[in-house]
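Q: We have chain A; now place chain B onto it with these hints.
Read off the chains here:
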Amino acid sequence: MNLIIRGIVQTQEITLLIWRVLRGIFRPPFYLREIIRQMDISGFGSLTIILLTGFFTGAVLALNTGSTLQKFGVQSVAGQLVALSLIRELGPVLTCLMLAGRVGSGIAAELGSMLVSEQIDAMRALGTDPIKKLVNPRIIALVTMAPALTIICDMVGTLGGLLTAITFQGQAASVYLSSAKEAVSFDEALGGLIKPTVFGFIIAIIGCYKGLSTTGGTVGVGRSTTQAVVVSSILIIAVDFLLQKLIMTLLLEP
Amino acid sequence: MANSTSAIEFREVSLAFGDNVILDRVSFSVRYGESKVVMGGSGTGKSTLLRLALGLIKPDAGQIFVDGEEITAYTEEQMMNVRRKIGMVFQEGALFDSLSVYDNVAYRLREQKAPEKEIEPVVTRMLRFVDLEDAIDKMPNELSGGMRRRVGIARALVGSPKIVLYDEPTAGLDPITARTICELALKLRDLEDVSSIFVTHRLQDIEVLASEYVVRDDFGNLLFEHEGDTMCLINTKFIMLKDGNIIFSGSDEEMRQANHPYIRKFLDKER
Numbered sequence: 001m002n003l004i005i006r007g008i009v010q011t012q013e014i015t016l017l018i019w020r021v022l023r024g025i026f027r028p029p030f031y032l033r034e035i036i037r038q039m040d041i042s043g044f045g046s047l048t049i050i051l052l053t054g055f056f057t058g059a060v061l062a063l064n065t066g067s068t069l070q071k072f073g074v075q076s077v078a079g080q081l082v083a084l085s086l087i088r089e090l091g092p093v094l095t096c097l098m099l100a101g102r103v104g105s106g107i108a109a110e111l112g113s114m115l116v117s118e119q120i121d122a123m124r125a126l127g128t129d130p131i132k133k134l135v136n137p138r139i140i141a142l143v144t145m146a147p148a149l150t151i152i153c154d155m156v157g158t159l160g161g162l163l164t165a166i167t168f169q170g171q172a173a174s175v176y177l178s179s180a181k182e183a184v185s186f187d188e189a190l191g192g193l194i195k196p197t198v199f200g201f202i203i204a205i206i207g208c209y210k211g212l213s214t215t216g217g218t219v220g221v222g223r224s225t226t227q228a229v230v231v232s233s234i235l236i237i238a239v240d241f242l243l244q245k246l247i248m249t250l251l252l253e254p
Numbered sequence: 255m256a257n258s259t260s261a262i263e264f265r266e267v268s269l270a271f272g273d274n275v276i277l278d279r280v281s282f283s284v285r286y287g288e289s290k291v292v293m294g295g296s297g298t299g300k301s302t303l304l305r306l307a308l309g310l311i312k313p314d315a316g317q318i319f320v321d322g323e324e325i326t327a328y329t330e331e332q333m334m335n336v337r338r339k340i341g342m343v344f345q346e347g348a349l350f351d352s353l354s355v356y357d358n359v360a361y362r363l364r365e366q367k368a369p370e371k372e373i374e375p376v377v378t379r380m381l382r383f384v385d386l387e388d389a390i391d392k393m394p395n396e397l398s399g400g401m402r403r404r405v406g407i408a409r410a411l412v413g414s415p416k417i418v419l420y421d422e423p424t425a426g427l428d429p430i431t432a433r434t435i436c437e438l439a440l441k442l443r444d445l446e447d448v449s450s451i452f453v454t455h456r457l458q459d460i461e462v463l464a465s466e467y468v469v470r471d472d473f474g475n476l477l478f479e480h481e482g483d484t485m486c487l488i489n490t491k492f493i494m495l496k497d498g499n500i501i502f503s504g505s506d507e508e509m510r511q512a513n514h515p516y517i518r519k520f521l522d523k524e525r
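So the protein lines, in turn, are chains A and B.
Residue 182 in the numbering used here is what sits at position 182 of the first sequence, and the numbering runs on without skipping anything.
Here the numbering used here runs 254 ahead of the position in the second sequence, where the first position is 1.
Looking at chain A on its own, in the form it has when it is part of the complex (with noise of 0.2 Å):
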């Protein structure tokens, strides 16, 4: 099929399934049980690596920063640097790649052999509407936990920024904290939280469709893991360009 036909049908079956989602997400049954267990694979098991990953960044970010900062004499706002960046750009997005790479495979992996094994066909032939049952409540989990860990993520990132600048720069700790204070308004982390929400849904959305569509066997399952990391990755960064210019827009301009 050709690649544009092939893109716009895309589209076009995504389109429905958010439209199915959003029908059936505010109607019985619902599936509290399953969707507390997606939030704890989802955002209490992506904790690790978004330690690690918000940790080392803000240092890094310090690292890089500092002597350009030393050679103008404003070192004193490494801080603001470092927070700033994590909350409006960094935190969100590393934290949203991150999980596109670690939920967003495994949804798109375990329903993609759920479907290949007739799983989902025993499931709808036993009276169940696998949207409820295995896409919403990984919507759910997806779009609530991202930010909360997008939130964890640039707490620790600023504090592997300040550990930074104690230890290789000679900062004082009082100097770095009060100067990442002064960045953090309630707009930009407004801002900052509304990316992470958005892009939670992405993943979510791009894991179940990648899966739910899976067609050729157990090949086929290792073809729509690839393909979720990959879409929902490349969405993340394009929707980021286009929330950032809304948000400076909306909050951050006067």
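It is worth saying that the hints were derived from the structure and are not from the lab.
Don't be surprised by glycine CBs; every beta carbon is placed ideally from N, CA and C.
Be a bit skeptical, because a hint or two may be false.
[What the hints assert, rightly or not] Using C-beta positions, here's what the derived DEER-type ranges look like:
no., chain 1, residue 1, chain 2, residue 2, range
1, A, F44, B, E387, 35 to 41 Å
2, B, D391, A, R223, 52 to 58 Å
3, B, D351, A, L32, 18 to 24 Å
4, A, L246, B, E330, 34 to 40 Å
5, A, G220, B, S465, 37 to 43 Å
6, B, E387, A, L32, 51 to 57 Å
7, B, Q366, A, E182, 56 to 62 Å
[As the list claims (entries may be wrong)] Under 10 Å between C-beta atoms, here's a sample of chain B residues computed to sit facing chain A:
no., residue
8, P313
9, D314
10, A315
11, G316
12, M333
13, G341
14, M342
15, K416
16, Y467
17, V468
A: This is chain B only, laid out in the frame that chain A set:
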């Protein structure tokens, strides 16, 4: 109007995926209490018939009736009620990997929010029916292929559906396990009066389903009898599919006498 004596009826049903024609104006019906054995080579649309009957896919043309209701244009929500009347046994069992045998069998009742004290006796009874009570706490990956399918049968029978669809339940099994599966189908046909479509390409299954029956003696024991020369089973009929068309429909005796080269080749090869 649908024929009220049919549990399942297909009228001129056609289905194609792109240029690939799967079913071409197929018509047949399964009477109440009847077992319809669907045969044919791989890729002839046998499993597709079952998926159509269950509403998992929709036909391009034609009408499908289940228990007198036309389901052709039913939405997913409307199909949920129809599916309660049908038990489906999938090819490899299609058990939920993340759930234990107990939870797999209990699945339908849990979805219907039945209280746990009602679920347990049903699950135990179903597992006893397929002779797998000991496996109740096992996970699907600990079971053999035959056991998985028997659990699949137990799961399909929860809620006592009057229609059961079997999608090649004996494929890839050793003869003894395959016979056990066929005996379960006989028990449902002869003792529970279940209507069914049994998809298979194994001649051994056909032999068992066409010539044996089950009775319960005065002490409640099950006896598997052969039809012999004096009687003939009328509750099992056969259809043969080829290239999306039904090329034969009738009893096993008629099938054995049929002259169609494909049927001859099929019967001789399997023998």
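Q: Hint by hint, note whether the structure agrees.
A: Here is how each hint holds up against the structure:
1. A:F44 / B:E387: 35 to 41 Å: Holds, since F44 (chain A) and E387 (chain B) (Cβ atoms, about 37 Å apart) stay within the stated range.
2. B:D391 / A:R223: 52 to 58 Å: The hinted range 52 to 58 Å is violated for D391 (chain B) and R223 (chain A), with Cβ atoms some 36 Å apart.
3. B:D351 / A:L32: 18 to 24 Å: 22 Å, holds
4. A:L246 / B:E330: 34 to 40 Å: This hint holds: roughly 36 Å between Cβ atoms.
5. A:G220 / B:S465: 37 to 43 Å: Because 41 Å falls inside the window, the suggested range holds.
6. B:E387 / A:L32: 51 to 57 Å: 32 Å, violated
7. B:Q366 / A:E182: 56 to 62 Å: With a Cβ separation near 58 Å, Q366 (chain B) and E182 (chain A) satisfy 56 to 62 Å, so the hint holds.
8. P313: Constraint on P313 (chain B) not satisfied, violated at 17 Å.
9. D314: Hint violated; D314 (chain B) Cβ to chain A Cβ min 18 Å, cut 10 Å.
10. A315: 23 Å, violated
11. G316: Since chain A brings no Cβ nearer than about 21 Å to G316 (chain B), farther than 10 Å, the hint is violated.
12. M333: It holds, given that the least Cβ distance between M333 (chain B) and chain A is near 8 Å, below 10 Å.
13. G341: 8 Å, holds
14. M342: Status holds, d = 4 Å.
15. K416: 15 Å, violated
16. Y467: It is violated, given that the least Cβ distance between Y467 (chain B) and chain A is near 28 Å, above 10 Å.
17. V468: Check failed: Cβ of V468 (chain B) comes no nearer than 26 Å to chain A, outside 10 Å.
The structure fails to meet hints 2, 6, 8, 9, 10, 11, 15, 16, 17 from the earlier list, while all remaining hints are met.
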